[in-house]
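Using the hints provided, position chain B relative to the given structure of chain A.
Residue numbers (this note's numbering), protein chains in the order written: chain A, 1 to 249; chain B, 1 to 112.
Check the hints yourself; a few may be wrong.
[Unchecked claim] Below, a sample of chain A positions facing chain B; criterion: calculated Cβ distance under 10 Å:
(1) Arg2
(2) Glu7
(3) Tyr11
(4) Leu13
(5) Thr14
(6) Ser15
(7) Lys17
(8) Thr19
(9) Ile22
(10) Asp26
(11) Met222
Rather than coming from a laboratory, the hints here were simulated on the basis of the structure. Glycine included, each C-beta is placed from N, C-alpha and C at the ideal position.
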Amino acid sequence: MRSNCTEAIGYILTSVKNTPEICRQDSIEVCQMLLETLINGNLTEADPQNETITNAISQICVCLKDDFKQFLPLFVPALLKDANKDIDFKVKESDDLDGEEEDENGRAALVLKIKGMEGAKQVSMNTNALESKINAVTILKTLARNLGTSFYDWVDEVGKTCIPLINDQYSYALRRQSSKCMRFLIGACKEQPEKQKALFIMTYINEMQELEKRKGRNEYDMMSSILKEIFKQLKNFYHFRDQGIHVFT
Amino acid sequence: MVPQFVKMMNEEEHLKMKQQATACMTSLIRGLLDEADEEGDDDSNTKNKKLLEQFSESIVESISRLLELSLEKKYQPLQDEVLMALSCLASLMENKFAVHYSRFMPGLKKIL
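Just chain A, with the same shape it has in the complex (with noise of 0.2 Å):
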């Protein structure tokens, strides 16, 4: 029921964010009780509460704008530890299983019987921990678009750790999802030439690699994705025309 309140108050926030000052005292006291439930709040991984607030924070971040910068430094960090959780991906021998399943941690297993192959393998993973990576790294981007230069003191961080996250081998969704919020993180650092510059070619290498990879896989799609988000990102140079300063020298 938490859950289903969280995710209303979400919405009905967003339906005034064009009128601060109806919702901006709801705002930040809703916003205090949800994150004292995400961090002490001892919810296990499955607990549907964390998608929610997680959403329903990041709703909120638009009514408060910059006001929200004050919860940062206890949000920014929860979402850093669940975009850095080890999806646990495994191989290994299964004689005495078979087929799917899924236990109450959300580990997913299949088994495989491959013919001519001894045995049977196993490959399993925690689904629940990839949607919370999946889930913050969304969130994230939400963030960093939505505060856009007042984002800036958390761009180091949360680079760190949507850089590696652009080559994910799992997920689509990941990679995508690192990209775009690269793309808002280059643009937070719109006062710092020379760090946005730096910001976009670690994400450049590391997209280039992505492109390679694709290309050999004949994945098209995936091709057009990529290029069609470093022709975004490079948009946020679009002042260094004027500057006279060049991204690549």
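Below, chain B alone, put in the same frame as chain A:
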């Protein structure tokens, strides 16, 4: 369909039936939301928003009454359903929902 669902939400005697009627309303609103998402353009969203706008007052009235009732009777299935309907309606109506803000926010904060 909407007036019929609203009528059932208001007048059904059994809480379980009220819950079912609310679930139907939630599915209908979610359908409009999903359609707008799939189309991916603002026109569909505006069209669906307009479609529901004429009924929004009566839906909000029912949701508000049912939320109070479900809390009073401590009937959780109805509480959950009403909150889901509220989320979907607020999500579809966006800024048009702002007029109902003060009606729900104090109660929701209390639940939280």
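### Query
So which of the earlier hints does this model not fit?
11
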